[in-house]
Amino acid sequence: MRLTLEIWRQKNANDTGRFVRYEMEDVDHHMSFLEMLDVLNQRLIGKGEEPVAFDSDCREGICGMCGFVINGHPHGDQPLTTVCQLHMRFFHDGQVLRLEPFRAKAFPIVRDLAIDRSALDRIIMAGGYVSVNSGGPRDANSLLIPKEAADLAMDAAACIGCGACVAACPNASASLFTGAKISHLGLLPQGQPEKLSRALGMGGQHEKEGFGSCTVIGECAEACPKGIKLEVIARLNRHYLGGSLSFREAAAGGGAG
Amino acid sequence: MALDAKIPAGPLPEKWTKYKADMKLVNPANKRKYTIIVVGTGLAGASAAASFGELGYNVLNFCFQDTPRRAHSIAAQGGINAAKNYQNDGDSVWRLFYDTIKGGDFRAREANVHRLAEVSANIIDQCTAQGVPFAREYGGLLANRSFGGALVSRTFYARGQTGQQLLIGAYQALMRQVQLGKVKMFPRTEMLDLVVIDGRARGIVARNLVTGKIESFIGDAVVLATGGYGNLYYLSTNAKGSNATAVWRAHRKGAFFANPCYTQIHPTCIPRSGDYQSKLTLMSESLRNDGRIWVPKKQGDKRPPDQIPDAERDYYLERKYPTYGNLAPRDISSRAAKQACDAGLGVGPGGLGVYLDFSDSIKRLGKNAIAERYGNLFDMYERITGEDPYSVPMRIYPAVHYTMGGLWVDYNLMSNLPGLFVLGEANFSDHGANRLGASALMQGLADGYFVIPYTIGDYLARGGIAKAGTDHAAFKEAEKGVEEQTKTFLSINGKHSVDYFHKALGDIMWSDVGMARSKESLERALKAIPDLRARFWKEVRVPGAGAEFNQELEKAARVADFFELGELLAWDALQRNESCGGHFRTEFQTDDGEAKRNDDEYTYAAAWEWKGAGQPWVLNKEPLVFENIHLQTRSYK
Chain A
46 MRLTLEIWRQ KNANDTGRFV RYEMEDVDHH MSFLEMLDVL NQRLIGKGEE PVAFDSDCRE
106 GICGMCGFVI NGHPHGDQPL TTVCQLHMRF FHDGQVLRLE PFRAKAFPIV RDLAIDRSAL
166 DRIIMAGGYV SVNSGGPRDA NSLLIPKEAA DLAMDAAACI GCGACVAACP NASASLFTGA
226 KISHLGLLPQ GQPEKLSRAL GMGGQHEKEG FGSCTVIGEC AEACPKGIKL EVIARLNRHY
286 LGGSLSFREA AAGGGAG
Chain B
2 MALDAKIPAG PLPEKWTKYK ADMKLVNPAN KRKYTIIVVG TGLAGASAAA SFGELGYNVL
62 NFCFQDTPRR AHSIAAQGGI NAAKNYQNDG DSVWRLFYDT IKGGDFRARE ANVHRLAEVS
122 ANIIDQCTAQ GVPFAREYGG LLANRSFGGA LVSRTFYARG QTGQQLLIGA YQALMRQVQL
182 GKVKMFPRTE MLDLVVIDGR ARGIVARNLV TGKIESFIGD AVVLATGGYG NLYYLSTNAK
242 GSNATAVWRA HRKGAFFANP CYTQIHPTCI PRSGDYQSKL TLMSESLRND GRIWVPKKQG
302 DKRPPDQIPD AERDYYLERK YPTYGNLAPR DISSRAAKQA CDAGLGVGPG GLGVYLDFSD
362 SIKRLGKNAI AERYGNLFDM YERITGEDPY SVPMRIYPAV HYTMGGLWVD YNLMSNLPGL
422 FVLGEANFSD HGANRLGASA LMQGLADGYF VIPYTIGDYL ARGGIAKAGT DHAAFKEAEK
482 GVEEQTKTFL SINGKHSVDY FHKALGDIMW SDVGMARSKE SLERALKAIP DLRARFWKEV
542 RVPGAGAEFN QELEKAARVA DFFELGELLA WDALQRNESC GGHFRTEFQT DDGEAKRNDD
602 EYTYAAAWEW KGAGQPWVLN KEPLVFENIH LQTRSYK
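Protein sequence lines, in the order shown, are assigned to chains A and B. Residue numbers for the first sequence follow the working numbering, so the first one is 46 and each next one is one higher. Residue numbers for the second sequence follow the working numbering, so the first one is 2 and each next one is one higher.
These are computed hints drawn from the structure, not numbers from a lab. Virtual Cβ for every residue (Gly too), placed ideally from N, Cα, C. It is possible that some hints are incorrect.
What the hints assert, rightly or not - Computed far set for chain A versus chain B, every beta-carbon distance over 12 Å:
| id | residue |
| --- | --- |
| 1 | 52 |
| 2 | 65 |
| 3 | 105 |
| 4 | 200 |
| 5 | 261 |
| 6 | 276 |
Said to hold, decoys possible - For lysine-lysine, the following DSSO-like pairs were computed, each having C-alpha atoms within a straight-line distance of at most 27 Å:
| id | chain 1 | residue 1 | chain 2 | residue 2 |
| --- | --- | --- | --- | --- |
| 7 | B | 7 | A | 92 |
| 8 | B | 612 | B | 7 |
| 9 | B | 185 | A | 150 |
Let's have the full structure, built from the sequences with the hints guiding it.
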């Protein structure tokens with residue numbers, strides 16, 4: 046199969062960037078999308094050109110390091126699939142594919158298709174955990190957790206932090222990402238003591254990082270390779286509102302909230 | 002050189018308790034005066050860095066990925082073992098200890114493995130307290146599944162994403178310490194050298210992968226938790242970035258490398274489909290709970306699997322190992338698959354595959370029950386192969402997965418270089434010649450949460466660490482070495498890419514130092530590897546510059562180290578004239594093709610000492626003393 050690729054090339058954060066066209070001959074149907082780019086890069090190196098920079102690590106769809114936009118779709122248009130798990134049999138001969146990085150103010154471009162997603166780490170830093178030190182907690186079975194709660198928490202905890210939700214959102218909001226963590230911890234008994242302060246902290250950091258607000262368009266859930274549902278954002282809003290009411294005084298006094 | 006493993010005296014079940022009672026402690030108010038460097042953010046690295054921060058130490062934590070949450074522990078699917086005996090099926094600390102020693106083919110250190118089994122139960126408690134969503138029964142209690150090499154059900158899991166959930170738990174604990182200012186995180190930063198001052202590991206030289214800047218970092222101790230070296234085979238189940246550079250540079254600075262020949266080939270991976278293949282994807286061993294492995298009895302049988310009647314199928318694991326059946330340990334299952342394919346019974350393209358068939362389980366339990374247990378794995382299989390495993394058996398083939406060898410460490414997890422600690426897959430300590438399924442997660446978290454926080458305190462409290470800064474000559478020299486290597490790579494401007502050489506190295510390793518090795522194949526590899534390495538240094542092409550984001554340059558440094566490590570691996574395999582666990586020498590097998598150990602001569606850990614480029618390594622031996630269990634032929638029949 047023959048393909049035409051139009052790939053965003055940008056040397057570093059300060060470069061302006063542009064699309065560059067590459068013709069691909071003999072693309073094998075069994076290749077993954079990233080393996081197709083590997084083949085392109087080997088060809089570029091052979092010609093003395095610089096290869097296309099893109100991030101990937103596990104190539105099994107779980108580490109969350111890969112991700113770029115193909116013809117307007119983060120990770121391509123196959124549902125529940127990261128770009129490393131996207132195979133070429135979903136494309137057809139003669140297609141033109143436009144590849145560009147996940148675009149958001151909070152995700153500066155490192156090079157070509159590689160971006161800086163450390164803003165998502167800082168959202169987790171602002172409360173995305175249970176405050177428990179390593180040591181001798183009580184026996185795991187002394188805490189009964191209904192299977193339904195554990196399953197729902199697991200659904201939300203499946204988030205891989207790739208940032209596709211941000212790229213898909215017209216507002217560049219990271220609410221799906223933030224809501225997923227709020228839901229994972231908020232659905233479990235272990236997460237209850239810090240439920241409201243967590244939402245306040247993470248919600249506040251989300252805004253500080255320059256992510257947009259959620260207007261419930263739903264593109265994020267559509268693009269999510271792990272099937273995180275839109276309802277996690279409702280939970281984020283509920284906890285955030287609860288937190289705003291409970292911690293009004295502390296927040297007004299400049300406290301931790 | 003004599004190696005002192007520093008195993009505490011006393012009866013086995015009391016050693017760790019006694020160690021903790023006798024160890025020196027750092028005054029809580031003094032902990033903030035110490036800085037610990039942690040390289041790696043997988044289960045071992047993240048749990049160690051978070052725990053150090055909680056104790057009050059200052060921590061500098063490094064990873065090459067864009068965020069610590071990407072470390073390859075995240076890809077572990079099946080589960081984590083713990084001797085909880087929640088199922089009332091006869092499990093105990095002793096049984097987990099024994100299964101691990103036996104699974105490792107009696108080539109691991111008793112005291113370390115017993116400690117691992119002891120702390121295993123705490124890990125489940127700790128992770129549950131963090132909010133790790135382990136699978137639950139309807140009554141709200143934790144669920145378990147079975148794994149290879151055990152007759153009890155002691156594996157805890159979170160769907161097929163156990164590694165992900167445990168890593169996210171450790172990552173969240175780590176992020177909490179970053180927020181509190183106790184841990185300083187350096188993502189996209191790769192360690193390129195270890196700095197030793199007055200005989201103690203004191204710091205690292207690292208490259209900022211975004212700007213290319215070479216920087217030095219100093220601390221009171223250095224902890225390496227950088228994973229294994231399976232990627233030296235090019236194709237493996239490891240992440241693309243997984244590499245051995247941190248441990249290898251430490252080895253070149255004096256840390257001994259132990260048992261490199263113990264490599265684990267995982268039996269259930271998706272077969273490769275073409276030359277462009279960039280990695281191999283594992284299908285969790287847990288699938289073997291409900292899937293049956295078979296090949297056609299007749300050579301060259303091209304019928305579709307559902308048209309081959311039961312009587313014409315060979316369920317070879319069930320036939321050869323009736324007690325363990327499809328749950329035979331990994332090394333044994335992998336070799337059995339290779340034997341079937343070598344005999345011309347393999348299925349799929351090139352005959353390099355065997356069936357993993359769920360049709361009986363689907364008949365017995367229903368499609369929904371199977372989907373509940375393995376749904377995400379079935380989806381992943383279908384995405385990659387385009388085949389639906391609910392209706393067609395999976396095709397699987399063994400692939401390089403885990404490396405039991407690593408830097409030599411004593412009971413304290415400290416290498417022979419004082420101040421250099423090594424955790425998780427990067428060390429050699431707990432799995433002997435073969436690791437059992439669901440034990441890697443256990444070891445990573447045991448080392449990070451429950452062992453190193455104690456043993457590093459003892460090291461620091463003993464004092465003697467001199468004041469120094471990154472202006473010390475040892476740092477300057479290391480920086481210069483790293484900068485010169487970068488310059489060399491960029492100036493060769495040869496005709497082949499880094500991947501070209503990496504693939505060629507992988508081909509040598511897989512065919513001559515892979516699942517079955519012989520004196521002849523190893524000697525062939527020991528000639529081919531240095532030849533290829535010499536070509537690499539003359540003919541490699543690394544485009545771009547040093548002071549920029551340059552992924553080819555990153556790969557070049559990693560592959561350069563794989564060349565040296567690959568050679569050492571072959572030397573280690575050649576000196577070990579026996580078959581054990583993941584090391585199978587065709588000259589040493591029983592009449593029915595099982596591994597034949599030589600306990601009289603080889604009951605030792607082989608710790609190799611670097612003597613300089615171009616010089617032969619020196620072999621140091623740590624005798625393995627078994628005081629509590631009787632060495633026997635490992636049988637799963």
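- With 12 Å as the threshold, tell me whether residue 105 of chain A passes as away from chain B on beta-carbon distances. violated, 5 Å
- Message: Against the 27 Å threshold, does the CA-CA distance of residue 185 of chain B and residue 150 of chain A hold or violate the hint?
- Response: Holds - the C-alpha atoms of residue 150 of chain A and residue 185 of chain B are around 24 Å apart, at most 27 Å.
- Test the statement that residue 261 of chain A is away from the interface with chain B: the closest C-beta pair must be farther apart than 12 Å. holds, 26 Å
- Message: residue 7 of chain B and residue 92 of chain A were given as a pair; does the straight-line alpha-carbon distance stay at or below 27 Å?
- Response: Given pair residue 7 of chain B, residue 92 of chain A is violated - Cα atoms ~56 Å apart, limit 27 Å.
- Compute the least Cβ-Cβ separation between residue 200 of chain A and chain B, then decide whether it is above 12 Å. violated, 9 Å
- Over 12 Å to the closest beta carbon of chain B is the bar; see if residue 52 of chain A clears it. It holds; residue 52 of chain A is separated from chain B by about 15 Å at its closest Cβ, greater than 12 Å.
- Least C-beta distance from residue 276 of chain A to chain B larger than 12 Å: holds, 17 Å
- Item | Given hint residue 7 of chain B paired with residue 612 of chain B - CA-CA distance at most 27 Å | Holds: residue 612 of chain B and residue 7 of chain B sit about 25 Å apart, inside 27 Å.
- Just checking, residue 65 of chain A versus chain B, shortest CB gap more than 12 Å? Since the minimum Cβ distance to chain B is about 15 Å, residue 65 of chain A lies beyond 12 Å and the statement holds.
Of the hints listed earlier, those the structure fails to meet are numbers 3, 4, 7, in rising order.
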